[in-house]
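Asks: One-letter residues, chain by chain:
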Amino acid sequence: MIRMTNLAFSGPLCALLWFCTCVHADVPRTQQGHPDLTGTYNVATLTPLQRPAEFGDKLYLNRDEAQKMAAEAAAAKAQDDEASDPNREAPPSGGDGSEGAAGNVGGYNAFWIDNGEQAFEVDGKFRTSIITQPANGRQPAYTPTGLKRIMAFYSLFGENTGTAWWMDRPGPGPYDHMEMRPLGERCILGFSSTGGPPMLPALYNNLKRIVQTDSHVMILTEMIHDARVIRLNDTHRPDNIRNWMGDSIGRWDGDTLVVETKNFRKRPALYGADENLRVVERFTPGEGGGLHYAFEVHNPTAWQESWYGDYPWPATQDKVYEYACHEGNYALGNIMRGARILEQDAKTDAAAGQ
Amino acid sequence: MVPRSAPGLGAFVGEPEVSGVAVGPGHAGGAASMQPSSVGKDSVFIAYQYAGATREIYMEDPGEAPVDSWMGWSHGTWDGDTLVVKVTGQLDSTWFDRAGNHHSAAMVVTERYTPLSPNHLLYEATIEDPATFTKPWTIRMPLYRRMEPNAQLMEFRCVEFVEELMYGEWRREPLPR
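So the sequence lines, in the order shown, correspond to chains A and B.
Mapping to the working numbering: the first sequence position 46 is 46, numbers consecutive.
Mapping to the working numbering: the second sequence position 91 is 91, numbers consecutive.
By construction, these hints were calculated from the structure, which means they are not laboratory data.
The model shown is predicted, which means the values in this text are computed figures rather than measured ones.
Hints should not be assumed to be uniformly reliable.
[Claimed, not checked] A short, non-exhaustive set of chain A residues, derived as facing chain B with CB atoms under 8 Å:
1) E185
2) R186
3) L220
4) M245
5) I249
[Said to hold, decoys possible] Only part of the chain A face toward chain B is listed, based on derived beta-carbon distances under 7 Å:
6) L46
7) M178
8) P182
9) H225
10) A227
11) N233
Quick reminder that beta carbons are idealized off the backbone N, C-alpha and C, glycines included.
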């Protein structure tokens, strides 16, 4: 038996946008009568966080557009799955100039990518973006402070020219020490804010495992194996205690689990956010044992306005396999070592008068 | 960085009906159990504070481990009030202690978690590993629930503490050693 429930999307959008989520009356419930969200969910989707500019303010894809997106993704994966020519030449040193992992010298191919097969649907309509507000489906403009932070971060990246280009610049270089590197590269937090909050889909490792008790809700994110422990009906820790994933407190609002998170460190998983980030999330039982996940991002020192999004978390029978990111992180050492070699090359060349 | 060997050795779980936080005796870390609210759910999940390790105990036979892993592959059953967990599929690279007592990938650990009181568990683990030990051996100790009202599992990002050890020599300006 299915009943239809209207859920208000909080924030300034509430008067404009309502989405309807089918809630199964036979949703598993705890002894207290709350929905039991315990389960495993696969959040992979082709729908991006931010809407491609070509769609403007259009929240939904039409069926043809959705099919085209799915077909193109399937064709790209099929092409990538084709057997490699064993007699192919090695890629040119430094890459062939194309975009992608260091100029197509070899990176993640389709074997490693598990980002879904289609755009997600809400109420039978395919969505163009996870973000719903602002109306263009994109993150709002940064504040001057936020922009300054982002530009400082961008300045640490440069074209891979095979040289120590940063040596000609004043100030710290991008490879000076490990803490200059992005958090995902260091296996501290998943890229794409997989562990969040807000918890977003990524290129792979998209499973979420929720285990719920009367006092806690735990969400294991496959990426980096972040176990996020949400205390229910509790108070936040003192503001001077800061965590990578913030401090999350949950409460029930009808059949929706509402989670508020604050007290982040200076670099939360969410790109562009800072230590003043506050995230409100809503987990509501949805179709087929899945959830509907909605979030609000409030960070007035980073963005000029709050922004909002939502997407479904379909249930899966798959198990979350152990992901020990740090075990295999030889790349970080090689990145650092490579930078030292390039610096030495530059010094050697300079000494030779080149 | 390696999660503690032989999952559950010295770690904590709450008894079957209750969640909680505790620190095992002589154990550097703590762990919170995110238990099912009733017996009969399909799994028990343990989030360890130490190294942020996690572990799921499947109450339906998950079959053979797809491949070895740090925390192994756990199948749980109930023996009365005792949660019995058979752990297989553990990588052979973890140690039992800092003295280097080791095991093989063929090790089978059978754990038993038995409630002694609302705030105590008896933890037992039998280690069978013919490739390493001449006979099975068993450890047994009580685990105590943390009683502070604000006892919580805190964030433990091991990476931050080991980066210098692993990559420090490749700093642009290496630190004194």
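Asks: All hints, please: hold or fail.
Replies: Now the hints, each set against the structure:
Violation of the interface hint for A:E185 is found here, the shortest Cβ-Cβ separation to chain B being roughly 11 Å, above the 8 Å cut-off. Satisfaction of the interface hint for A:R186 is found here, the shortest Cβ-Cβ separation to chain B being roughly 6 Å, below the 8 Å cut-off. The restraint placing A:L220 at the interface with chain B holds, with a minimum CB-CB distance near 6 Å, inside the 8 Å limit. Interface restraint check for A:M245: the shortest CB-CB distance to chain B comes to about 7 Å, inside 8 Å, so the restraint holds.
Among the interface hints, the one on A:I249 is violated; its C-beta lies about 11 Å from the nearest C-beta in chain B, farther than the 8 Å criterion. Against a cut-off of 7 Å between C-beta atoms, the interface hint on A:L46 is violated, since the closest Cβ of chain B lies about 27 Å away. A cut of 7 Å between beta carbons decides the hint on A:M178: the least distance to chain B is about 4 Å, and the hint holds. With its C-beta approaching chain B no nearer than about 13 Å, A:P182 sits outside the 7 Å limit, and its interface hint is violated.
With a least beta-carbon distance of about 6 Å to chain B, the hint placing A:H225 at the interface is held under the 7 Å criterion. The interface hint given for A:A227 is met, as the beta carbon of that residue sits about 4 Å from the closest beta carbon of chain B, less than 7 Å. The restraint placing A:N233 at the interface with chain B is violated, with a minimum CB-CB distance near 13 Å, outside the 7 Å limit.
Violated hints for the displayed structure, listed by number in ascending order: 1, 5, 6, 8 and 11.
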